[in-house]
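Trainee: Residue numbers (the working numbering), protein chains in the order written: chain A, 11 to 534; chain B, 46 to 406; chain C, 55 to 264.
Simulated from the structure, these hints should not be mistaken for lab results.
Watch out, some of these pointers could steer you wrong.
[Claimed, not checked] Listed next, the in silico DSS-like pairs over lysine-lysine satisfying Cα-Cα at most 25 angstroms (straight line):
id, chain 1, residue 1, chain 2, residue 2
1, C, Lys169, A, Lys453
2, A, Lys453, C, Lys207
3, B, Lys139, B, Lys344
Quick caveat: nothing in here was measured; it's all calculated off a predicted structure.
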Amino acid sequence: MISRMVRVAIALLWLILPLGVVLWQSTTASFEGALSDAFRALSGSALLTFAVTLITSLIVLFGALGLARGKRLSATWASFIAVPHVAFAIGLLWLVSPSGWLVRIVDALLPMWQGPLQSSWLSSKSAFTLMVVLVLKELPFLILMTQANVQQMPVLRWQQQAQALGYSRRRFWWLIVVPALLRRIRLPLYIIAIYTVSVVDIPLLVGPNAPALLAQAVFELNWQFTSNTQGLVHWGSLLLVLVAIVTLVVLRVVEWVLQRWLSSLAASGKRTPVAQTTGKRAGLPWFWAGLAVIIFMSLLLQSVQQSWFYPSLWPQGWQWSRWLAEWPYIAPLLYNTWILAVLSATLAWLSAVALLEVQAQRQQHQLHVGWLAMLMVPQLVLVLGWQQTIGPDSGLIGLLWSHTVFCFPYAYLTLHGAYHAYPRRWLWQARSLGYGPWAAWFKVLAPMLKRPLALAWAMAFSISVAQYLPTQWLAPVTHPTLTTEAVSIASGGDWRLGSVYALAQWASVWIVFMLALWGTRARN
Amino acid sequence: MKRLTLLLAVIMYLGYVAPSAAQQQTTPVYFYAWGGNPTINDYIRWAAKELRPQGIQLQHVKVADIAEVVKQLVDGQSNADLIWINGENFHALKEADRLMPILTELNIKERLNDQLSWQSDFGEPVADLEVPWGVGQFYLLTCNTCVAGDHISAAELLEYAAEHPGRITYPKPPEFHGTTFLKSLLLSLSEQDEAFLKPVDAVDAEKLTAPLWTYLDELQPLLWQGGENYPSSAAQQLKWFANKQLDVAPSFNPNEVKTLVNQGRVPAGTKRITLGDAAITNSHYLAIPKSSGHPQAAKQVITFFLSEAAQRKKADLSGWGDPTVLDIALPDTPAMLPVAAEFHVSWQTYLEQQWQQRYPR
Amino acid sequence: MLEINHLTMVFKYHQLVIPSLTVSAGEVLTLTGASGIGKSSLLQWILGVPQPDITIEGQIKLNGEDVGALPIESRQIGLVTQQVDLFPHMTVEQNLLFALATKQGDDAARHDWVKQELDSVALTDYATAYPTELSGGQAARIALLRSLASAPKSILLDEPFSALDVKLRKTIRDFTWTTLTAASMPAILVTHDVQDAPGNIVNLEDYYYD
């Protein structure tokens, strides 16, 4: 009985009500303006979004499948995933843009060549740059999910079998493990695809704008005040859902084709000479760590520079006081961001733990995809519906609700594996000693699962910090956060100031992750 | 564990109580203003500090495009007390009758410099509904060695682009620098300047703008990235200009050529040139919506902004450098550029729509 | 005395129907049967763990009282498992105190009791050690002591010796029966190895239906 109440309450709060509001809004929305107008205006964006999402997702998929073979990425590297997107984009662009640091090094080394790069694929604003940023940001997430899934399979035993049959380790991986993995990482891959379809803040900073990505175009249209743009906004969000569905279908087809191809290869029995294959290829933890360090340095230098024009390798002037001068303005944003993140992370975490406990008691160990529904709808469509219901300036409660709706599925996803792998025996033992269910949970389960529990909270916290669209559309005036400020400053072009905010944003997330890891470190 | 939760609860309570306690004594004024320029933001912060002793908490609500506030006001859903507008945004609000008449009440008219033709905002009479705050003149920043002289005609710009492909671009309309770039080109290409002062419907717009589209068709492949992408803002273009990826950057602040060098945002050796013989000149204004929650305080803010001290600080070349609207002499500021009248407000939307239909393909 | 009456367990592919099982104080009843027949499930049901996949009907009486409606923590039935299950985040001492916490007595008395128990198995030096530092045999002894520390009225043993090596098995077995006899409570043992059984054996296959 309690279990049903818990599940109904959680579903109502974080799934049914939010989704219901959006559906109701969409049925009563005004679809002014002909579909043909909307199509003409937005079809370029829609096609671009589809292409970018598909390509990014496929690169991330194959990258993860290939790279997950090696050493396990530990939780410390996992905190790299938590680099907020804005910080990542600004820091990365400083390195690789046509007048960026790498080009300046080349310029310094080759006296004959006069930069900066005239036409470059990695220009400061292009679809290619956008894809590079997205791939680098999303690949570690999928690698981690893939490795978590690999852990659950008896891969070592299979490998021994395959090697006994004469297959090299690499061939074994692709013919035996990958087909088993494909089905399991379908969900994380879809989550990444939906996120890419709907992301707004990264395209704003580094994406193309002629045509712009669909989510970004709809986002900008929503600021306009002529009535036909409102019709465009509604058609645009429908189009976004369509692009999302089509992308998922295509990804499914790709998976199917891949399965068929791999199984036909396996049936052919072809082996490669064992000597040809190399040893383990690590998940490249050093690459991600190195990248994080470089981006951090880049942001730090940018934030204290006075002027740093091409082609100098080092800032020409310093302004150390920028941090101090900016502090009175950062402080309220820091407060806003933290309050929002702490509250929404806690709510999301409590819901996820309650849900998992209830499921474990009923011995339902499968991941119920339904709870992740809010990650499968493009965020823009959801926030648009909410904005039209509660207005563009609704205050903390509405904003908190919207953040929790997105933090909850991540908390659930992150915690699910460890929670259900936990043998319930421990709890029976404590209860047989006379402790009630709550006491047993607090004294036995919580201490034993403290690291996964802490990391799930830290993850929910970082999701809230990184939210851009909900804050921007629901409470930009009453509750601006570090993220909205960083994007608005960075898109204004002053990356010196933007780096300050991006670093503050990153530091918040990093501190929480480090606290979670340090506070739950093993005894010995 | 219990102590930790208690501590957390205490912190959160204090966190909630403290800011609201601090805010008890002052009246907030929500000032919706473009936030894309850090020096302007710094000026507004200075103003906020100056207004504190008067019991006013000036909150700068940074918007990427003031159009979003116009939309909110027209819909009737906004908490804006004070807005920074001009042109089509003013026109829309005036039509929707959302602005409070304030100009006469504030007794500022006598101190204003009438030579600036501030009484007409993009051809639309101000009608007591807004107060001029500063002056904008459209021009291009370029490097000393790139272009000779102090102006460049549209034809010369095309030649330059042909010789240096990929070095010229403009912000994507409807960003206001981009649209004004189109207007300047149009003025330079056309003989009939007066026609643009009239509403779009009153003249043969197609015929008048035909040379512009022909010109842009020629120009497009020579632009940065072949016209496939455009900077999304003037500030973004400025950054690339400063890092030598581009040879021009637009600006509306005639003194920016000095202020930017002072702030280290462009290298020394940058100069200003007008596109065409004269610079499109307009004023920008402050207005109070009828739905404002704190109109008295907002009026106080306007009075402050129009005070001599505030206007001097605004024109100060080490900060914003925006020319003053008051009839006072400021010796250190550079001369204004030759003035070309701003188009009628209806041209803004017309040009934006036409451009968006044609480019990019 | 522990009585199970009118027990039916409906599994996915088979049923068990047991009219009556009785275990008197000090007696150890052994349950054997093929893998998957339901020995562990039966133990878990007696303990009070919900079994959602199995339909179970039956009556459990402990010392005359019907405990079927009580939750696990109120039944006062102890559990010793194959995996030993000493809580890894507590020391040996803390594990024992944890089991003892629901009893009365002040701190000093409880610590003394723990010391006494550890003395009785010659593991006094391991009071502040963590379970991972113990050998299989040491852990098994402490696990039994812990289960008895909460003064249960009955005790269930789910293959407690399976993880021990052959030499150790006999020692621990003897230790277990000696301790249990001294405690004088009914016990049910589930095992694969019939040699473990000190008393009556019930083979669940006799109660097996399709």
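Trainee: Run every hint past the structure and note whether it holds.
Mentor: Comparing the hints with the structure gives:
1. Among the hinted pairs, Lys169(C) with Lys453(A) is consistent with the structure: their alpha-carbon atoms are about 23 angstroms apart, no more than 25 angstroms.
2. For a cut-off of 25 angstroms, the pair hint linking Lys453(A) to Lys207(C) stands: about 24 angstroms separates their Cα positions.
3. A threshold of 25 angstroms between alpha carbons decides the hint, and for Lys139(B) with Lys344(B) the separation of about 18 angstroms falls inside it, so the pair holds.
Of the numbered hints listed earlier, not one is contradicted by the structure.
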